[in-house]
Amino acid sequence: MNAPLPALVTDATATADDTTAAAPAPAGPDAPSADQRAQRRAQVVAELAPLLPAHALLSRSEDTVPYECDGLTAYRQQPLVVVLPETEDQVAAVLRACDRLGVPVVARGAGTGLSGGALPHALGVTLSLAKFNRILKVDVLARTATVQCGVRNLAISEAAAPYGLYYAPDPSSQIACSIGGNVAENSGGVHCLKYGLTVHNVLRVRGYTGQGEPVEFGSEALDAAGLDLMSVLVGSEGMLAVVTEVTVKLVPKPLLARCIMASFDDIRQAGDAVANVIAAGIIPAGLEMMDKPMTAAVEDFVHAGYDLNAQAILLCESDGTPEEVAEEIGRMLDVLAGSGASRMEVSKDEAQRLRFWSGRKNAFPASGRISPDYMCMDSTIPRRRLADILLAIGEMEKKYGLRCANVFHAGDGNLHPLILFDANDPDQLHRCELFGADILETSVAMGGSVTGEHGVGVEKLSSMCVQFSDAEREQMTAVKRAFDPAGLLNPGKVIPTLVRCAEYGRMHVKRGLLPFADIPRF
Amino acid sequence: MMDPTVRSPDANPGPRLDTRITDPALRILIDQVEAARAAGAQLRIRGGGTKDFYGEPPQGEILDTTVLEGISSYEPTELVVTARCGTSLATLEAALAEKNQYLPFEPPHFGPGSTVGGMVAAGLSGPPRASVGAVRDYVLGATLLNGRAEVLSFGGQVMKNVAGYDVSRLLAGSLGTLGVILEVSLKVLPLAPATATVRFELAQISAMQKINEWSGLPLPINASAWWDGMLVVRLRGALAAVQSALVALGGDVIEPTQAIAFWRGLRNQSDEYFVKARQAVEQGGALWRLSVPPTAPPLAVTGEQLIEWGGAQRWLCSAAPADSVRDAAMRVGGHATLFMSNDKSAGAFAPLRAPLDRIHRELKKSFDPQGVFNPGRLYPDL
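These protein sequence lines map, in sequence, to chains V and F.
Position 198 (the first sequence) corresponds to 198 in my numbering; numbering is contiguous.
Position 365 (the second sequence) corresponds to 365 in my numbering; numbering is contiguous.
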């Protein structure tokens with residue numbers, strides 16, 4: 001039976017007494033009062049305390065404050081309580097209790113997400129799965145690993161390494177991010193074009209429904225009976241089920257990898273070179289681009305030997321057997337030279353290859369050195385529009401009076417523009433947000449998506465209004481309801497409410513930024 | 001009734017400008033769905049009808065998807081093709097072949113009429129599935145006509161896209177139960193420079209051991225099949241990689257034209273094993289598809305087996321009771337589909353356990369609240 005409770009806050013950006021949300025999250029009209037929160041907290045603690053060891057239930061403000069945000073630090077919200085269960089039975093018991101009380105549950109892995117997917121709910125429980133950190137089985141012959149959800153991405157590859165195997169998706173945060181979080185976000189990395197995303201590399205997920213029932217999606221076979229629920233679970237940002245255990249595919253580690261660093265004097269030539277590589281029938285293991293401002297920032301940081309005069313640098317990697325790599329590198333060099341590369345260098349050994357990559361992998365910290373703050377965007381576009389979007393971003397720099405450095409997973413058409421600003425200046429923050437929204441909407445207008453791999457979370461809720469129609473978003477809401485009828489799993493994320501989209505639309509029309517508002521739908 | 005091709009100007013701009021369907025044939029399909037809704041009737045979504053035998057028996061008035069056909073966009077440098085549901089699979093594959101690209105999962109053609117929509121709805125993948133992935137792994141986006149006669153687009157034409165739930169991949173294998181797949185965007189790949197096929201005389205246990213060992217090595221293993229004491233392996237990749245793998249594996253190299261015919265026969269189920277299986281089905285037998293972990297031991301069932309996907313897909317032609325076949329698959333962590341039989345009273349697909357059964361019913365309701373589409377095709381009560 002449901003206890004009496006204050007109105008559920010369905011918009012995750014709503015603030016509360018101990019909320020320190022940055023400017024984009026105005027206090028919602030439904031934000032609970034401090035009294036409501038205290039009363040609710042006491043109720044929840046009383047209900048959960050018998051289910052968990054004392055150290056696994058945190059409710060004092062100083063204990064829950066470390067959980068107030070994930071990798072997107074601009075949004076903060078302290079949860080009512082944090083639970084750190086150690087067994088699946090405890091997870092199930094917590095979920096059943098929360099279901100009874102009607103308390104929202106926000107599952108949390110390593111907290112490295114970049115879109116606020118693990119932002120706590122003002123009246124909710126944050127369910128940390130950090131203690132689920134055991135590798136349960138590496139099956140060498142079947143090439144699978146079964147691990148608990150809190151196992152770090154890189155730890156899986158480390159456990160598989162003695163057998164010549166590894167787990168392919170490698171998000172930049174792979175040292176820290178957990179496989180459960182990867183499943184929630186459908187994480188990518190720099191090798192997706194050739195090796196796929198999380199959804200392509202996960203066989204089976206075990207977890208719990210919002211009501212605390214155990215559930216398994218997929219299987220150790222290559223498919224499962226019925227609808228392919230796994231494909232919709234992966235990337236659902238903790239809104240359909242709580243994941244506790246994952247079976248992933250392992251693939252043979254290539255014998256060798258070599259990387260070409262190619263310079264271009266012209267952005268358009270670099271963009272065309274990417275298309276030309278693909279057109280030549282080559283699927284590079286990695287294909288990344290950095291523009292001149294980014295190159296300057298990272299070279300100063302890592303001293304990788306980047307060409308500081310180039311307008312754009314491409315990193316193009318081949319992996320496989322030594323013969324295969326030699327053959328492919330030769331073909332890649334021909335295409336890049338034919339596309340107008342002004343300078344090309346092939347890594348001679350592993351140390352040099354890693355040096356080439358060091359700048360790309362350190363793009364974010366390097367940006368932190370040249371600007372007090374930066375906002376990382378994550379849209380995708382068709383590859384052929386790479387130069388167009390770069391030039392458009394160049395125009396936006398003038399329009400909004402802010403600098404932007406660009407790194408791309410060029411092979412996937414996935415952009416990570418880093419808008420540089422100073423958060424202490426409210427006007428800069430405001431302009432930065434408009435700049436970011438402009439990039440996302442331009443990406444959608446070019447046939448792309450508002451998020452390639454970081455997820456929607458709370459950050460891109462408004463952008464979802466641009467990419468999807470009311471009926472499409474309503475269908476997504478209905479999908480959530482099918483898995484989670486009570487709507488208690490990570491409510492307020494991913495799918496914006498109709499009201500929010502209507503408001504966002506009005507704001508846009510006022511700003512005159514809404515692209516193609518009057519074009520026909522089909 | 002509002003013209004579906006025009007949106008009210010105050011609505012948000014829709015996604016993916018270049019996937020918008022302008023074909024007047026869309027109107028025909030929407031009208032038919034609206035009429036069925038109004039009449040409380042049910043529709044049986046049908047393309048070429050080449051997979052009518054698959055799943056539970058089709059019911060309802062035919063909704064013919066072949067009226068909506070054609071390749072909407074194809075940009076080889078993007079590795080993406082977008083095609084309408086009624087496009088013939090052969091036409092699509094010919095267009096890709098012209099640009100030296102292909103659908104790497106090699107979907108079956110059970111007849112010349114196979115369509116793109118049917119391929120996605122059935123979700124069946126061919127011999128290379130274990131190494132390259134399934135249909136759903138190549139679905140990047142889809143436009144769907146749901147049971148409320150709404151046209152919805154999910155996913156897109158880009159490789160990476162995590163905006164909202166990935167509804168488009170869910171459509172692969174949904175057997176039309178969630179709606180009419182109007183248009184899909186698929187990832188395609190360049191044809192590999194080299195292919196070779198080798199065979200080994202091996203009993204089942206050693207064959208399965210070998211193929212799984214090899215699959216864990218950096219070798220370009222692309223497909224495998226075992227039947228009657230013979231393991232056949234296809235290598236595909238860079239020329240240097242295929243050549244060195246041929247040396248490493250040994251075995252008898254099968255001459256290319258013969259090899260191409262062999263894999264085509266397997267893919268389209270026109271080879272000797274499947275011809276015999278269909279004869280057995282005529283005489284009251286059944287063809288089962290068992291999906292199991294690749295390293296599962298030989299199954300304790302009687303009947304003739306052909307094993308694909310490195311051990312993960314086992315075809316079984318047998319007259320054994322359905323329960324015993326389903327048990328054998330379940331005991332090793334898999335499931336059994338009654339693929340072809342004149343008697344499907346045992347259910348075409350393995351039954352779902354709670355809470356998956358509930359989620360299936362709720363999902364169906366969320367897309368098709370009145371149960372207009374393909375009633376009972378996936379499960380009798382769905």
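Hints in this document: simulated from the structure, not taken from any laboratory.
Ideal Cβ positions, reconstructed from N, Cα and C, are used throughout, including at glycine.
A couple of the hints might just be wrong.
[Unchecked claim] Which residues of chain V face chain F? A partial, calculated answer using Cβ under 8 Å:
| no. | residue |
| --- | --- |
| 1 | ALA42 |
| 2 | VAL138 |
| 3 | CYS192 |
| 4 | GLY196 |
| 5 | PRO252 |
| 6 | ALA296 |
| 7 | PHE301 |
| 8 | GLY448 |
| 9 | ILE495 |
| 10 | THR497 |
| 11 | VAL499 |
| message | Next item in the hint list is PRO252/V. Is there a CB on chain F closer than 8 Å to its CB? | response | holds (4 Å)
| task | Closer than 8 Å between Cβ atoms is the bar; does ALA42/V clear it against chain F? Give me holds or violated. | result | violated (32 Å)
| Given CYS192/V was flagged as interface, is its beta-carbon under 8 Å from a beta-carbon of chain F? | Holds, about 6 Å.
| task | Against chain F, run the beta carbon of GLY448/V and see if the smallest gap drops under 8 Å. | result | Constraint on GLY448/V satisfied, holds at 5 Å.
| Hinted contact GLY196/V with chain F - closest CB pair below 8 Å | holds (7 Å)
| query | Can we keep the THR497/V interface hint, with Cβ of chain F closer than 8 Å? | reply | violated (14 Å)
| query | Once the shortest beta carbon distance from VAL499/V to chain F is found, is it less than 8 Å? | reply | With a minimum Cβ separation of about 14 Å from chain F (threshold 8 Å), the hint on VAL499/V is violated.
| Should the interface hint for ILE495/V be scored as holding, given a Cβ-Cβ cut-off of 8 Å against chain F? | Since chain F brings a Cβ to about 7 Å from ILE495/V, closer than 8 Å, the hint holds.
| field | Hint check, PHE301/V versus chain F [nearest Cβ-Cβ separation less than 8 Å] | value | violated (26 Å)
| Measuring from the C-beta of VAL138/V to each C-beta in chain F, is the shortest one below 8 Å? | violated (11 Å)
| Can ALA296/V be said to touch chain F, with a Cβ gap under 8 Å? | Violated, about 27 Å.
Against the hints set out earlier in the document, violations occur for numbers 1, 2, 6, 7, 10 and 11.
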